[in-house]
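Colleague: Following the hints, complete the assembly by docking chain B onto the known chain A.
Number of protein chains: 2
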Amino acid sequence: METQAYDPEDFRALGHRTVDALADHLAAAQARAMPVLPWREPEAALQAWPPDFTERGGADPLELIHRVLGESHHLQHPRYVGHQCAAPLPFTALLAMVSGLLNNGTAVYEMGPVSTAMERSLIQWLSSRIGFDPQAAGGVLTHGGSAGNLTALLAARQASTPYDVWEEGYRAPLNLCIMASDQTHYSVRRSAQVLGLGGRNVVSIPTDERFRMRPDALESALDEAELRGRKVLAVVGSAGSTATGAIDPLDALADLCEARGIWFHVDGAHSGAFAVSDRLRPALAGIERAHSVVIDAHKMLMMPSLATAVVFRDEGHSFETFSQQASYLFDRTARQEWYNLAHRTLECTKRFLSLDLYVALKVRGTAFFARHLEDTVDLAAWFADAIEARPGWELAVRPEGNIVCFRAPAAPGEDPDAFQTRVRDLIVREGSFHLVKTQLRRRTWLRTTLINPLTTREDLTALMDRLEALGKPQT
Amino acid sequence: METQAYDPEDFRALGHRTVDALADHLAAAQARAMPVLPWREPEAALQAWPPDFTERGGADPLELIHRVLGESHHLQHPRYVGHQCAAPLPFTALLAMVSGLLNNGTAVYEMGPVSTAMERSLIQWLSSRIGFDPQAAGGVLTHGGSAGNLTALLAARQASTPYDVWEEGYRAPLNLCIMASDQTHYSVRRSAQVLGLGGRNVVSIPTDERFRMRPDALESALDEAELRGRKVLAVVGSAGSTATGAIDPLDALADLCEARGIWFHVDGAHSGAFAVSDRLRPALAGIERAHSVVIDAHKMLMMPSLATAVVFRDEGHSFETFSQQASYLFDRTARQEWYNLAHRTLECTKRFLSLDLYVALKVRGTAFFARHLEDTVDLAAWFADAIEARPGWELAVRPEGNIVCFRAPAAPGEDPDAFQTRVRDLIVREGSFHLVKTQLRRRTWLRTTLINPLTTREDLTALMDRLEALGKPQT
Numbered sequence: 005m006e007t008q009a010y011d012p013e014d015f016r017a018l019g020h021r022t023v024d025a026l027a028d029h030l031a032a033a034q035a036r037a038m039p040v041l042p043w044r045e046p047e048a049a050l051q052a053w054p055p056d057f058t059e060r061g062g063a064d065p066l067e068l069i070h071r072v073l074g075e076s077h078h079l080q081h082p083r084y085v086g087h088q089c090a091a092p093l094p095f096t097a098l099l100a101m102v103s104g105l106l107n108n109g110t111a112v113y114e115m116g117p118v119s120t121a122m123e124r125s126l127i128q129w130l131s132s133r134i135g136f137d138p139q140a141a142g143g144v145l146t147h148g149g150s151a152g153n154l155t156a157l158l159a160a161r162q163a164s165t166p167y168d169v170w171e172e173g174y175r176a177p178l179n180l181c182i183m184a185s186d187q188t189h190y191s192v193r194r195s196a197q198v199l200g201l202g203g204r205n206v207v208s209i210p211t212d213e214r215f216r217m218r219p220d221a222l223e224s225a226l227d228e229a230e231l232r233g234r235k236v237l238a239v240v241g242s243a244g245s246t247a248t249g250a251i252d253p254l255d256a257l258a259d260l261c262e263a264r265g266i267w268f269h270v271d272g273a274h275s276g277a278f279a280v281s282d283r284l285r286p287a288l289a290g291i292e293r294a295h296s297v298v299i300d301a302h303k304m305l306m307m308p309s310l311a312t313a314v315v316f317r318d319e320g321h322s323f324e325t326f327s328q329q330a331s332y333l334f335d336r337t338a339r340q341e342w343y344n345l346a347h348r349t350l351e352c353t354k355r356f357l358s359l360d361l362y363v364a365l366k367v368r369g370t371a372f373f374a375r376h377l378e379d380t381v382d383l384a385a386w387f388a389d390a391i392e393a394r395p396g397w398e399l400a401v402r403p404e405g406n407i408v409c410f411r412a413p414a415a416p417g418e419d420p421d422a423f424q425t426r427v428r429d430l431i432v433r434e435g436s437f438h439l440v441k442t443q444l445r446r447r448t449w450l451r452t453t454l455i456n457p458l459t460t461r462e463d464l465t466a467l468m469d470r471l472e473a474l475g476k477p478q479t
Numbered sequence: 005m006e007t008q009a010y011d012p013e014d015f016r017a018l019g020h021r022t023v024d025a026l027a028d029h030l031a032a033a034q035a036r037a038m039p040v041l042p043w044r045e046p047e048a049a050l051q052a053w054p055p056d057f058t059e060r061g062g063a064d065p066l067e068l069i070h071r072v073l074g075e076s077h078h079l080q081h082p083r084y085v086g087h088q089c090a091a092p093l094p095f096t097a098l099l100a101m102v103s104g105l106l107n108n109g110t111a112v113y114e115m116g117p118v119s120t121a122m123e124r125s126l127i128q129w130l131s132s133r134i135g136f137d138p139q140a141a142g143g144v145l146t147h148g149g150s151a152g153n154l155t156a157l158l159a160a161r162q163a164s165t166p167y168d169v170w171e172e173g174y175r176a177p178l179n180l181c182i183m184a185s186d187q188t189h190y191s192v193r194r195s196a197q198v199l200g201l202g203g204r205n206v207v208s209i210p211t212d213e214r215f216r217m218r219p220d221a222l223e224s225a226l227d228e229a230e231l232r233g234r235k236v237l238a239v240v241g242s243a244g245s246t247a248t249g250a251i252d253p254l255d256a257l258a259d260l261c262e263a264r265g266i267w268f269h270v271d272g273a274h275s276g277a278f279a280v281s282d283r284l285r286p287a288l289a290g291i292e293r294a295h296s297v298v299i300d301a302h303k304m305l306m307m308p309s310l311a312t313a314v315v316f317r318d319e320g321h322s323f324e325t326f327s328q329q330a331s332y333l334f335d336r337t338a339r340q341e342w343y344n345l346a347h348r349t350l351e352c353t354k355r356f357l358s359l360d361l362y363v364a365l366k367v368r369g370t371a372f373f374a375r376h377l378e379d380t381v382d383l384a385a386w387f388a389d390a391i392e393a394r395p396g397w398e399l400a401v402r403p404e405g406n407i408v409c410f411r412a413p414a415a416p417g418e419d420p421d422a423f424q425t426r427v428r429d430l431i432v433r434e435g436s437f438h439l440v441k442t443q444l445r446r447r448t449w450l451r452t453t454l455i456n457p458l459t460t461r462e463d464l465t466a467l468m469d470r471l472e473a474l475g476k477p478q479t
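Chains as they are written, first to last, in the working numbering: chain A, 5 to 479; chain B, 5 to 479.
These aren't lab readings, by the way, just hints derived from the structure by calculation.
Since this is a predicted model, take the numbers as computed values, not measurements.
Among these hints, one or two may not hold up.
Heads up, the list lumps identical chains together, so a pair's fine if it works in one copy or across two of them.
[Said to hold, decoys possible] No more than 25 Å apart at the CA atoms, straight line, and that leaves these computed lysine to aspartate or glutamate pairs for DMTMM-like:
#: 1; residue 1: LYS441; residue 2: ASP421
#: 2; residue 1: LYS441; residue 2: GLU114
#: 3; residue 1: LYS235; residue 2: GLU171
#: 4; residue 1: LYS441; residue 2: GLU341
#: 5; residue 1: LYS441; residue 2: ASP419
#: 6; residue 1: LYS476; residue 2: ASP28
#: 7; residue 1: LYS476; residue 2: ASP419
#: 8; residue 1: LYS441; residue 2: GLU262
#: 9; residue 1: LYS441; residue 2: GLU67
#: 10; residue 1: LYS476; residue 2: GLU398
#: 11; residue 1: LYS441; residue 2: GLU213
#: 12; residue 1: LYS235; residue 2: ASP168
The shape of chain A in the complex, shown without the other chains (with noise of 0.2 Å):
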């Protein structure tokens, strides 16, 4: 073995010039000193990244690290206004050299001590936050949102058939469903698609003018679910949706949910963490009163992906998910093991998934955080403002959070929908700002995301300035 590989020495050299290399990069980004996208066809991009690997060897991998920063995605820089995911605090990324090097994975709890006790005091603080009885709650955290919606579907599943389908599997007649609304991520009904519902049982709630949910609507179809026998596995809430970041009527829902005996899921991947902070806390009003509710750390607490929570009220129905012994035995057992983390996962090992948000918190505090999500909700009303004041502009809806859609104006002649997308296009490729583009009643708007922290008011202002200038007639 070519142990040279391991050597202490070797790796303090390169880890101090990649330290270098990635606050140079930093600060270059936050300089706006670079596109913000270095825009390049996939194939190219394959090109210039073959699997041409050799039996020696031999790259630099400074200068591989070079290039990868050159030639990446930077959501450090400002003008990153594009999809949910952070400009993650610096400093995480120094977190995540350490878990690299321990690779203290979460599955049972020796392989992961710190990571373990971590994971669990990071569950009961976003426990009270949610507004649980932090004694009776918990959960897990896990790779994403996704992972996260398909988790608390599975405990919702196991909750509420009077069998015990995880040994059994599915009887017939499986004439399950769960309500979600029209605004609802995909995850959902790809977590029906993976239980084996079929996508077509995903029933669509529609949603009123500001993309919430509307009860009514949701009364009606549990109504009618119940009249041709249909068993409603779980109501997901959105907090906030995708598109619009639109928070549902989580009171109202839950309301309903309580009425008939139906879990009720809010997939807070996006907003849920609008619970840190006592100013918005309020437009979620409700959730506490969800069965399980999923926050992703990596979208508004500026992590680096992934490091979602999956917060269940009742801890038990955490455990008994994905036992591997019948349900009854939970209360026997598997509550005195919430340090063996693999009984309560999809994944088997995970990685120290903790680490960052946990640091972060003793470092920073709490009122960091709270300040970031109110920072980027006010810069978001702000940008809504500054679109209204122009003419010839549309805002798709007031936002609720840090997410505004609006139309910019056409060029003469140009079909609305064709000039969003044919600027959107343009500008990801010059990478002067990287925004994105979303379907609303039909139309096509551009989509924008405000959650890098440097982001400022002139940065927007040129974003719309950009915008209209595209829009002008050519001279």
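Modeller: The following block gives chain B in isolation, referenced to the frame of chain A:
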């Protein structure tokens, strides 16, 4: 916003100090100058890392990092011979820092152009090492082997049902089952449970004296399933099994599956990596006939958790599985979208999973990894000889890879099973080594995975000596 938290110079300063802390830690671990695991009870760990977050924070990040380093499990210690988790190549921790700062997830191409390209190249390379036609094969990386097996079995389900189960859900009667050996990793059973087949519908096929699935027993089980009208979604071969690393006779299993048109999945989480070594590759003969293969880079390829490859012999299955449209569409559209990987995984956003292995292969070369595999297998063979040479010691089976299971001679008058359990707990708690235990033939065995490249024969001799001393009457 307190933008100071994003200051590049603060990052640089703390980064250098963190690199030094890690380099020092690595050197101390390699020098065996610390317990492998600084044992304490779970409740004590929880008390050490409570959710005592304050509004203002103020903890010193470097102090917390030092504490995390001191209190974690030291897989970089050469006397770590426990679970199947790698002691990662140290410089991959630097790559984790890079990907942490960039936060380029892999979902849609534009969010991670380099990560997407590297992922495809890694899959292509693994495809050719497996023996698939790289033109036809393809797949994805995912967060761990459990997610990998679930992904493969989802593809098997989609391919094996004569209707669109993804969209429609299961049709009654739900007479579906999966077959795997009695040594299969529990994630296969868990996958069946997630899919709603029920744990009892995983048919457990008996193994031979070397813990390999018996093809004659599989054939009988297949016959019986046919007689009883049960549809076999997949046969899962292990390469190798969790307890002993046994590799099922893949060619014989492939024959049976081929003759009956059944999906053949190989869980190569551990030993699938043998494909990288020309010397070890023959042990996997037949793997190239599988429909799908899972390989964990974070087990035998020296990567930190998690990086699992799910490779399909026919890439079409990878597109088809998660298609949000009906499956007949995939040839027309999805083929062209190899670069939007969220269409093909459980996850939406993934981490930059490809970076570590891609860069490591470029820097170290493929021979380096082959050599690591061969060295650990050779060390295991030496260890097995050494165990057999000691009077009163028992070897469970000649190792086929780098997992060795054995029993040390019990103290006079002590039940041999109880002895293995007692000394295992004692050694783990004193931190002199880390090893685990397992059940085989209704008896308790000590179990070691030789996975840290710095583990020597002297370390293993010291382990045997320590165990022997514990079995001696106290004087």
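Colleague: Tell me the hint numbers this structure goes against, listed in increasing order.
Modeller: Those not satisfied are hints 6, 8 and 9.
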